[in-house]
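Student: For reference, the chains in residue letters:
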Amino acid sequence: MAGQSTYVPKTGFTRWLDARLPILRFIDDTITSYPTPKNLNFWYTFGGILAFMLGVQIVTGIVLAMHYVPSSDFAFQSVEQRIMREVNYGWLIRYIHSNGASMFFLAVYIHIFRGLYYGSYKAPREVIWLLGVLIYILMMATAFFGYVLPWGQMSFWGATVITSLFSALDQIIPHLGSAITTWLWGDFAVGDATLNRFFSLHYLVPFIIAGVVVLHIWALHVPGNNNPLGIDLKGPQDKVPFHPYYTVKDAFYLSLFVLVYAGIVFYAPNFFGNPDNYIQANPLVTPTDIVPEWYLLPFYAMLRSVPQKLIGVLVLVGSLVTLVFVPWLDTSKTRSCRFRPVMKQLFWIFAADCVLLGYVGSQTADAAWHLGDMELPLVWLAQLGTLYYFAFFWLLMPFVGWFERPRPVPESIAQPVLAKEGAL
Amino acid sequence: MRIAIPLLALAASVAGAAVAEDTSQALPPKEMAWSFQGPFGTYDRGALQRGFQVYKEVCSACHSLNMVSFADLAAPGGPGFTEAQAKVIAAGYKIAAGPNDKGETTDANGNRLTRPGILADHFPPPFANEEAARASNGGALPPDLSLIIKAREGGPDYVYSIITGFGHKPPRGFAVQQGKYYNPWFAGRNISMPPPLAKGSVTFSDGTPATIPNEAKSVVTFLSWASEPKMEQRHRIGLQAMAFLVLLSGLLFLSYRKVWHGRH
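Those protein sequences? They're chains A and B, same order as listed.
Counting from 1, position 42 in the first sequence corresponds to residue 42 in the working numbering; the numbering is continuous, with no gaps.
With the second sequence counted from 1, adding 424 to any position gets you the working numbering.
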């Protein structure tokens with residue numbers, strides 16, 4: 001889309017249509033002949049995979065909604081009896097949908113970390129990043145609403161814990177937080193009203209995500225793709241048209257991704273699940289451990305790392321809001337970590353930090369590691385991990401950008417390739 | 425020798441201390457081999473039918489199985505009863521009936537009207553309501569068994585360990601609560617359920633000896649099917665889906681190589 005349209009209608013009908021609704025020109029410009037860097041690697045296939053996953057979740061979700069009953073009396077039964085046992089292939093659609101959430105997040109995390117590593121958030125691609133952060137937050141909201149719907153023990157208590165976070169605002173303005181919580185619940189406790197509105201929102205938000213995805217791709221198609229070298233395209237020798245080069249590459253890796261996904265759906269459909277969610281919600285029995293789904297664990301660990309509730313909530317919100325500022329926190333002129341020896345190390349420490357936080361989030365609040373006679377409470381690890389999370393963005397990104405001496409960046413994409421082949 | 429004996433005694437006491445159990449923790453479930461494990465797993469048909477018998481004659485006295493219908497007993501991938509057999513089984517149950525032609529819901533003696541079960545009916549619960557269930561079980565509520573295998577960490581191994589985990593002597597100093605039983609595989613080790621199985625609790629018509637392990641293995645197989653009645657279909661379709669995807673990936677890889685040939 002960057003640059004002039006190269007579409008030439010060939011038949012009488014397409015010329016006629018092009019003058020009235022240039023939809024074929026649009027498809028040609030944005031998919032068929034859309035110029036793409038020729039060096040995009042495996043990690044760049046996850047954008048397409050994510051679009052596919054959004055489609056899978058919407059289609060399976062619409063079918064599930066045909067059979068689901070959003071009522072605190074019948075929700076559990078409608079899922080576990082009607083959908084899982086009585087509806088034709090209901091079990092398959094349900095397992096595709098529930099594991100689809102995990103695969104969606106797996107893909108989005110790879111996509112986000114790829115963007116961080118290659119500096120895809122830097123000028124002129126800030127808006128792509130911002131829209132991506134918005135999509136990610138909307139995804140978390142959707143996943144949270146969706147997890148409540150089967151109305152198992154973890155659904156109910158997860159909803160209770162997360163919505164109760166708002167009550168921390170009571171510490172700033174008395175009764176404000178509680179009022180917001182009651183407003184969210186639609187009642188004085190998580191119940192039928194809560195379940196109904198969460199169902200409504202769970203159906204709505206994915207379509208908002210789809211809309212933001214359109215903007216995300218639109219914003220991508222203006223400057224065009226970044227690439228592993230993080231340099232701008234210099235000429236035709238750096239580019240290939242999106243079709244067939246990336247349609248076939250994306251399709252191949254999508255197929256491998258679906259292979260893994262199908263393996264989980266058919267052979268380990270409860271791998272990501274929590275056994276407690278096969279017990280119907282019971283407001284009178286609190287599970288021994290309330291654990292969110294794996295993709296929210298790092299944030300859960302950060303929330304719990306602070307003993308004071310309000311500050312914990314602020315840390316949680318801050319960890320997401322921080323992402324908004326990333327394009328301006330990174331002061332380096334070099335985009336790709338390939339040429340940033342210091343940032344590359346810090347990036348991998350950050351990735352490990354997120355995994356560590358996820359691990360701590362999966363453990364009980366009072367868990368500890370025992371090293372001989374030493375006892376290391378995991379909450380210390382969570383605090384250390386939280387500290388690095390914020391320091392990475394707010395301190396290391398700006399300062400490393402100033403002090404680091406990046407390695408020289410190649411002239412063009414074609415140059416290092418040609419050089420490797422001995423032509424230059 | 426004079427030194428050896430005290431040393432041995434010391435060693436024995438140290439070993440004893442090492443063996444002393446942490447009774448606040450439940451034991452990890454016994455690891456059993458199940459026919460339904462693995463990507464090609466199927467339910468052992470004989471075990472399903474025997475397990476149904478154990479559920480019917482033993483467990484169902486206290487535990488409901490609300491989500492399983494009599495038709496399921498004859499459904500593909502299940503215990504493999506014929507439809508005629510399932511109808512006979514259903515007819516053997518009394519199901520609470522709706523109002524009769526006169527609008528009555530109880531008979532002359534005040535008992536709830538009932539009718540024989542049909543295929544579409546689900547297993548009737550043993551108690552009218554939660555309060556009745558608790559009143560009959562020392563305050564404890566016997567859980568519904570429709571999803572019990574999926575609702576417990578450890579699944580079939582855990583349930584097997586619980587129902588075979590009775591008869592162990594509690595360690596010294598461990599107090600078994602009034603009206604409860606010692607079961608080291610249960611959280612807290614005090615369980616309200618009395619030992620459910622005994623040698624000869626049922627008489628298997630296929631000649632399988634009615635030992636506790638045989639009864640337990642059968643009923644856990646039956647409950648695993650109750651939790652995941654479409655598993656065999658899932659494994660079968662899964663194999664087809666995986667084969668298709670491997671083939672598709674292979675073809676796409678060849679296309680990818682061909683399209684990019686000379687472009688790198």
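Do not rely on the hints blindly, as some may be mistaken.
[To be verified] Restricting the straight-line Cα-Cα distance to at most 27 Å, the calculated cross-link-like pairs of lysine-lysine (DSS-like) are:
id: 1; chain 1: B; residue 1: Lys604; chain 2: B; residue 2: Lys454
id: 2; chain 1: A; residue 1: Lys234; chain 2: B; residue 2: Lys682
id: 3; chain 1: A; residue 1: Lys239; chain 2: B; residue 2: Lys518
id: 4; chain 1: A; residue 1: Lys10; chain 2: A; residue 2: Lys239
id: 5; chain 1: B; residue 1: Lys682; chain 2: A; residue 2: Lys38
No lab work stands behind these hints: they were computed from the structure.
Student: None of the hints should be skipped; say for each whether it holds.
Tutor: Structure-based check of all given hints:
no., hint, result
1, Lys604/B <-> Lys454/B, "holds, 22 Å"
2, Lys234/A <-> Lys682/B, "holds, 26 Å"
3, Lys239/A <-> Lys518/B, "violated, 75 Å"
4, Lys10/A <-> Lys239/A, "holds, 25 Å"
5, Lys682/B <-> Lys38/A, "holds, 15 Å"
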